Amino acid sequence: MDDILLAKAAIIERCLRRVDAEYQDDPERLEDFTYQDAIVLNLQRACQAAIDMAMHVVARDHLGAPASSAEAFDLLAKAGRIDAELAKRMRGMVGFRNIAVHEYQKLDLAILQAVIEHGGDDFVAFCAAFGLKIL
Numbered sequence: 001m002d003d004i005l006l007a008k009a010a011i012i013e014r015c016l017r018r019v020d021a022e023y024q025d026d027p028e029r030l031e032d033f034t035y036q037d038a039i040v041l042n043l044q045r046a047c048q049a050a051i052d053m054a055m056h057v058v059a060r061d062h063l064g065a066p067a068s069s070a071e072a073f074d075l076l077a078k079a080g081r082i083d084a085e086l087a088k089r090m091r092g093m094v095g096f097r098n099i100a101v102h103e104y105q106k107l108d109l110a111i112l113q114a115v116i117e118h119g120g121d122d123f124v125a126f127c128a129a130f131g132l133k134i135l
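Residue 84 in my numbering is what sits at position 84 of the sequence shown, and the numbering runs on without skipping anything.
The set of hints was computed from the structure by calculation and includes no laboratory data. Hints are supplied without guarantee of correctness; some may be wrong.
Straight-line alpha carbon distances no greater than 30 Å define the calculated DSSO-like cross-link-like pairs of lysine-lysine that follow [what the hints assert, rightly or not]: (1) K88 <-> K133; (2) K78 <-> K133; (3) K88 <-> K106; (4) K88 <-> K78.
Owing to the predicted nature of the structure, the values given are computational and were not obtained by experimental measurement.
Kindly generate the complete structure, drawing on both the sequences and the hints.
So, in structure tokens, the structure goes:
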């Protein structure tokens, strides 16, 4: 097994566990900036680890030269490593990460809640595509 993929999957798993610990299935916690910051930071880290995994596999397997982080997921889908729908959702995670990191716009709490409640499954599926079981 690829040590880089193992390390990045471990980061994703740790971050998703932290998100769950802070969120506790309580959307009202998103109104508290301390919880919100902890959740967003860990989602950013999980997103970055998934991007790192995608870029690593694309480079390692000579799948192309992505012009952006999001495009790495497209190249994985084109090569049959992940399905097109998962690639689309992971591109959405890149967009979320960019908003959170660069504060292009105010973070929409409804979007944050959706990422918390549904995005974890995408990270699990992404890792599973490379034979890595998390959570």
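Hint by hint, here is what the structure shows:
1. K88 <-> K133: This hinted pair holds, its Cα atoms lying about 21 Å apart.
2. K78 <-> K133: Judged against 30 Å, a Cα distance of about 23 Å means the pair holds.
3. K88 <-> K106: 23 Å, holds
4. K88 <-> K78: Holds, because 12 Å separates the two Cα atoms, which is no more than 30 Å.
Consistency note: the structure conflicts with none of the earlier hints.
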